[in-house]
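*Asks:* The primary structure of each chain is shown beneath.
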Amino acid sequence: MRSLSERGAAGYRAFLFLLAGFAAAMSVAGPASAGDWREVPLPPGFQVIVNELEGPVFADAEGRTLYEWPQHVLRNGYSGEAPGIPGCYGEPTTVTAGLMSPYPAGIPLPERDRRPACTALWPPVLASEQAEPVGDWSVLERRDGSRQWAYQEQPLYTSVRDRRPGDVLGGTRRRYRRDDPAYRVPVGPPPALPPGFAVKATSVGRMLTTASNDALYAFAEDTADSTACRGDCLQRWAPATAPALAAAQGDWSLLERSPGVRQWVFRGKPLYTHRLDRHSWSRQGSDVPGWSNVFLQPAPAVPASFTVQSTLAGNVLADSAGRTIYVYQCADDSQDQLACDHSDDTQVYRLAICGAGDPQRCLAHWPYVRAAAGEESPNRTWTIVAIDPLSGRFAAEDDPGALRVWAYRDRPVYTFERDKQPGDVHGGGIGEWRGMRNGLRAFWLRDDYMQGIL
Amino acid sequence: MRAVVALGAALCLVAARAAAEAPPGNTIGYVFTDLFWSVYQTDGAEECPQGFNDGPREQFAARFPAPEKLSVEETRLAMEAATWHPSGAPHDFAFHEIESTYAYGLDLDGESGPNDFRHPDGSPGIDNEIYRAVGCIIGFRGPDGVEYIFQSKAIKDEAYNRMMINLTGVDSLENDDSITVTVYRGRDELLTDATGEAIMPGGTQRVDRRWGESLIRHTRGRIEDGVLITEPIDGLVIPWQNLQVPSVQRIRGARFELRLGQDGAEGLLAGYADVDTFYYQLIRNDSTHHLANGQISAISLYKALRRLADAYPDPETGEHTAISTALDVRMTRVHIVDEADDGRDDPGGSAFPVSGR
Chain A
1 MRSLSERGAA
11 GYRAFLFLLA
21 GFAAAMSVAG
31 PASAGDWREV
41 PLPPGFQVIV
51 NELEGPVFAD
61 AEGRTLYEWP
71 QHVLRNGYSG
81 EAPGIPGCYG
91 EPTTVTAGLM
101 SPYPAGIPLP
111 ERDRRPACTA
121 LWPPVLASEQ
131 AEPVGDWSVL
141 ERRDGSRQWA
151 YQEQPLYTSV
161 RDRRPGDVLG
171 GTRRRYRRDD
181 PAYRVPVGPP
191 PALPPGFAVK
201 ATSVGRMLTT
211 ASNDALYAFA
221 EDTADSTACR
231 GDCLQRWAPA
241 TAPALAAAQG
251 DWSLLERSPG
261 VRQWVFRGKP
271 LYTHRLDRHS
281 WSRQGSDVPG
291 WSNVFLQPAP
301 AVPASFTVQS
311 TLAGNVLADS
321 AGRTIYVYQC
331 ADDSQDQLAC
341 DHSDDTQVYR
351 LAICGAGDPQ
361 RCLAHWPYVR
371 AAAGEESPNR
381 TWTIVAIDPL
391 SGRFAAEDDP
401 GALRVWAYRD
411 RPVYTFERDK
421 QPGDVHGGGI
431 GEWRGMRNGL
441 RAFWLRDDYM
451 QGIL
Chain B
1001 MRAVVALGAA
1011 LCLVAARAAA
1021 EAPPGNTIGY
1031 VFTDLFWSVY
1041 QTDGAEECPQ
1051 GFNDGPREQF
1061 AARFPAPEKL
1071 SVEETRLAME
1081 AATWHPSGAP
1091 HDFAFHEIES
1101 TYAYGLDLDG
1111 ESGPNDFRHP
1121 DGSPGIDNEI
1131 YRAVGCIIGF
1141 RGPDGVEYIF
1151 QSKAIKDEAY
1161 NRMMINLTGV
1171 DSLENDDSIT
1181 VTVYRGRDEL
1191 LTDATGEAIM
1201 PGGTQRVDRR
1211 WGESLIRHTR
1221 GRIEDGVLIT
1231 EPIDGLVIPW
1241 QNLQVPSVQR
1251 IRGARFELRL
1261 GQDGAEGLLA
1271 GYADVDTFYY
1281 QLIRNDSTHH
1291 LANGQISAIS
1301 LYKALRRLAD
1311 AYPDPETGEH
1321 TAISTALDVR
1331 MTRVHIVDEA
1341 DDGRDDPGGS
1351 AFPVSGR
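These protein sequences, in sequence, are chains A and B. By the numbering used here, the letter at position 77 of the first sequence is numbered 77, and the numbering carries on one by one without gaps. All you need for the numbering used here is the position in the second sequence, starting with 1, plus 1000.
Chain A with its partners taken away, still in its complex shape (with noise of 0.2 angstroms):
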């Protein structure tokens, strides 16, 4: 058996590889431009800014990304604003609300004397006495008599994770399933897509899809004239067919492939569907070769130290030495919701899982990923961070004992003490809720048979 680092050195030539792949992808994909969006009319003092991981967003004047709190159904009850009914005040909440089966209500939450209000961590979006509804744009009274900017009537918020314009640390757009906690989702124009096809925010991108969810392809020996795409490749590949109307826009074309049937081009490329996918947003088809996913925008570099590592279900992003990255999620059982996976949120959850409340023990079953001296942030999704490993809490680099370790979207990333040999992943779905409300989750690049990389 090779050892880890021997398999960490064939995972990064993967990893390379991989990187190979994207390029083919690339071809497809791009940083996201003007054109990616449907331009919606903005009251004054709004904007869509671009970010890297998300896409456009609208933010404030300040470039501060504005979020909404969809209302969501957990297992035995629900939170979030529904539509037109702001629900995130001033006034802390103090007690459990019981959505976190099978534990009651009722009971008094961790560090209460310092407990945030919920308008502490998202402050209300207000809007002036003279503010008229725009649009999709509306404008809601809070039980103060203050005046809340909504959009599609959720009412809408900045984030204290924000710290500089465009940073959208708050919340993704990532999918959040039942199970998951009622998060606050960035939002932003829809993107500029003909009828029938959708996109997907995935760890890898921003994939485009059917309306039906189903990926969406294209082969590298086609052009937006020509297919290469005949005979028996049909019996593997559907073509996205346009109907007879269908006009060109944008980075939108179409391709007539016989007398009165018409195909879909993006960015030059004819796309498809894989027959033999089994699942949506399946990346199954880009295994056959010159074929590869198709995506508005690609996700920002991993660290240049990072590796990917073939697993049971699918690719993992590892550190260098080939181990599974986790990424920690949490969400309190309040009815606000409020999130408790970042270094400034209350650790006693984390503290909890990943050692018994014990650091010492956490920092040996899940140890940071340690930046390597002169390892710089490649970009603002990963960053290099500062943590004091006892407490968890944010460092100065130069405090003595602090950490350089990396960090996805601000929160740290860990491996697993349980993970002997690169693919192994025995921590995904740790702590409660499978991981998704106080646990750890695999950092999934491709997974054929769970849609973790959603």
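Hints listed in this document are in silico derivations from the structure and should not be mistaken for laboratory results. Any given hint might turn out to be false.
Just the calculated beta-carbon pair ranges, DEER-fashion [claimed, not checked]:
| id | chain 1 | residue 1 | chain 2 | residue 2 | range |
| --- | --- | --- | --- | --- | --- |
| 1 | B | Asn1115 | A | Glu91 | 57 to 65 angstroms |
| 2 | A | Gly290 | B | Ala1194 | 34 to 42 angstroms |
| 3 | A | Ser305 | B | Pro1120 | 54 to 62 angstroms |
| 4 | B | Pro1124 | A | Arg236 | 51 to 59 angstroms |
| 5 | B | Asp1234 | A | Arg174 | 34 to 42 angstroms |
| 6 | B | Val1227 | A | Arg370 | 52 to 60 angstroms |
C-beta: ideal position from N, C-alpha, C; glycine also.
Could you slot chain B onto chain A? The hints should help.
*Replies:* For chain B alone, kept in the frame of chain A given last:
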């Protein structure tokens, strides 16, 4: 009536002849359609005279009668910490083990001792300590237990779990003293009838060489009176994803005992399950919510598993790391296509380079 009897006899004869004949190419494949920890249970649950075990909900209520006077750290997080950092030390809740003479399973160690069960058919020496641990937990009992329900569904629905065996060198499905058995993972959906529920024989499964290469195992076996008996496989890894977390079970000394048919196979997979792998597979997929629905106290179960573990002692501590078990298996006949064998391109492709396992 006589005509019916005559027809039945004729069908039996046809079936017997079919079984005695070699399958085409001396090869036959089967895909798993059911796989669950074998639990011998009577209608009156006589094997659990103390009743069923409490789960997290009941233990929380007993331990914290007034949680509103405590805190999240002192209650919920304390229980979660004990779940995710388990201990084999005794605790203050009673745990009901199986109190039965009988269990399904195989005689794994060739010995018949005081801790062994007797098979309902009378065979002595049955080793199945997982049954002793989980048999009085509602979640593990069919047909309503949460583990039973989710696993029965996932084994059919989730391609991650698509395990299969291929028998080669088969001269007869009735008697053959030497065949080769290969374990693979498939990568395709199961063939069903029009309802989508009943699994039909005759489907095709491609061997998963994209992600599942490390799961392939080979062993030898023999067929006696229509029953396949294999030699042990040390280190069988079974993909096991019943609630969306891809994980595995590791079975040491794994062996199959299966009644073979033209359309399917049925029987047992027995061996020694790695204790920690068993435990973490369970709690990573279920979390406390689903455990609570099955009245499965992970904290109590871990202690039982540690107490009852009976094989593969740790060379340093002497503590057993594995526990005897048996799983009920049902399989349906499939045509197994291993595209790596015939030089064709794997439709899954090898163009995407991989590393690791």
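*Asks:* Evaluate each hint against the coordinates.
*Replies:* Here's how the hints hold up against the structure:
1. Under the hint 57 to 65 angstroms, the C-beta atoms of Asn1115(B) and Glu91(A), about 60 angstroms apart, fit the expected range.
2. Between Gly290(A) and Ala1194(B) the CB atoms are about 37 angstroms apart, so this pair conforms to the stated range of 34 to 42 angstroms.
3. For Ser305(A) and Pro1120(B), the Cβ-Cβ distance of about 58 angstroms falls inside the hinted range of 54 to 62 angstroms, so the restraint holds.
4. Roughly 56 angstroms separates the CB atoms of Pro1124(B) and Arg236(A), a value that falls within the hinted 51 to 59 angstroms.
5. For the pair Asp1234(B) and Arg174(A), the beta carbons lie near 41 angstroms from each other, so the given range of 34 to 42 angstroms is met.
6. Under the hint 52 to 60 angstroms, the C-beta atoms of Val1227(B) and Arg370(A), about 56 angstroms apart, fit the expected range.
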